[in-house]
Amino acid sequence: MGKHILFEHINIPGIENFSIYRKNGGYASVEKALKMTADQVIEEVKESGLRGRGGAGFPTGLKWSFLDRKSEKPRYLVCNADESEPGTFKDRYLMEKIPHLLIEGMITSSYALGAKTSFIYVRGEYMYVIRILEKAIQEAYDNGFLGKNILGSDFSHDLYVQPGGGAYICGEETALLESLEGKRGNPRLKPPFPAIAGLYACPTVVNNVESIAAVVPIINMTADKYNDMGIGKSTGTKIISASGHINKPGVYEIELGLPVEEFIYSDEYCGGIWKGRKLKAVVAGGSSVPILPAELILKNAKGEPRLMTYESLAEGGFVSGTMLGSGGFIVMDETTCIVRNTWTYARFYHHESCGQCSPCREGTGWMEKVLHRIEHGNGRMEDIDLLVDVAKKIEGNTICPLGDAAAWPVASAIRHFREEFEYHVRYPEKVKNPKHFELEPMVSYQVSVNS
Amino acid sequence: MEIKFSEETLNLVNKIIKRYPEGRQKSALLPVLHLAQAEFDGWLSSPVMDYVASLLNIKPIEVYEVATFYSMFNTEPVGKCLIEVCQTGPCWLRGADDIVEHLERKLNIKVGETSADGVFTLKTVECLGSCGTAPMLQCGADYYENLTTEKVDMLIEKLKTSGQRNTYMKSNRQEI
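These protein sequence lines are chains Y and V, in that order. Numbering-wise (this note's numbering), the first sequence opens with residue 1 and increments by one. Numbering-wise (this note's numbering), the second sequence opens with residue 1001 and increments by one.
Source of the hints: derived by calculation from the structure; they are not laboratory data. Hints are not guaranteed to be accurate.
[To be verified] Mimicking BS3-like on lysine-lysine, the simulated pairs with C-alpha atoms at most 30 Å apart in a straight line are:
#1 Lys1123/V to Lys1106/V
#2 Lys1018/V to Lys116/Y
#3 Lys135/Y to Lys1026/V
Bear in mind that the values here come from a model prediction, so they are computed numbers and not experimental data.
Work the whole structure out from these sequences, hints included.
This is the structure in structure tokens:
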């Protein structure tokens, strides 16, 4: 069984309460950090190799070191708990089960960054999680871990929870800051980056829930020990949320480097494909990352086994690889219609586009419409290349990465499953039934055209 | 009818405003809109939005543009039970389409409509972060997960009997 450092105590009854969390070693990282200088804490996080767990994988310590500490303005730490990437539900689980881990991470990180105030921005739909966090925050205040002069030190800190209003785009850090300022979630032009001018134009660090939680074990066990886990530049553990056609959907903390095949088939994790069916495809890191067919997710194009690391999943670039992303691992069995699957995501991105940039606002709508007509038996053969063309014209041409995130799933689905799109155009009568592939799995079609 | 928060809510609003630096009270807009929607019949009418603007000392347009941007804010009236079924990829893989179809038949309305008695409004929404417990729906503050058509039937009956307005701010969980 892999080592758990975030979820080590998650199954202890009552761990959501301060007293039980504390009894199990909770808040030790605050005590330890307060005896260190802020720079030492930042250095430790840098040394750990921790990479942003929200999806981008940018080194957390490096992000911290960009914070403008010369400015006279107050500094802020903002936790991104807007978890909205389809396939991702790990932060919700962490906050719900062990809220004090996040709060402890917020305090330790805020000390390092010199932030007197911090916010946890939680997607509005997780209102019940907000209640859990608010209760835990109150307990932290009552026990002297928040408020004035924490544990008698000269570090004072206030922590608040802010609800969102239901907008995927607010997971983009500058859109999140706009939203926190009470505005529409329109991403900002960068530079300036939040580290220079973030919340209220003050120096700000925005980190994902899991990244902030990971600061706790890093400080407790030291960067060296954290570094021992994982492979190469993928250090430590990652929380994976597994969904789709598997026997055991759920949230799993894995040590980075676990073989993908083991993750899918081992009873310790996903427990294999449901209903005794075959694996068809996987979206490994949340809906934005390229979809891969079974043969390319289990092994890379060179035939080497793929591992759950940033590097191994990306091996082969976008031609034959994907990304670890947020760790939203969506598994599809042989009966899945890739066209319909792609259409649901195109609809999602169209719905969630903030509308600022024309390529994204218009392009996502066109992709949704064209995919809709192919899926419903009204497609034309040239629609397939039209989709590739639209995706290309969105990618890289927008203020924020939502455009890329909308383009990649479409482009990769056509790259790896073009014959399915063609099948839809060729046999419109067959695909008019929305369950067409459950009745006649695509696999058998592939066999018959190849023979 | 005069639009005014209860004493209790007003106190909460003032407490929320104090979280932010002076002059940044607009930051309270999303939390206050959630409170307003819960207190004023589940939706944000123009007079309600104007009232929120006056409380935060901002222009009404600053409230309208935000209320219309975020999917959780209703700018039209909705039924007492707003049923929001997730339809994004992972839920679709586990049968969300069947749940939507079943609800349409059961409630005798289409997605986007409100039942004649004003109790149910049916809506499809995008990913609610419940992919591992799909298919699912949200009603007010409560997530109902690992759904089957039988569970949906039970839920609808119980919500009907409860007669309460469901809001994002307060759980009205029914055991199914």
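- Can you name, in rising order, the numbers of the hints this structure does not satisfy? none
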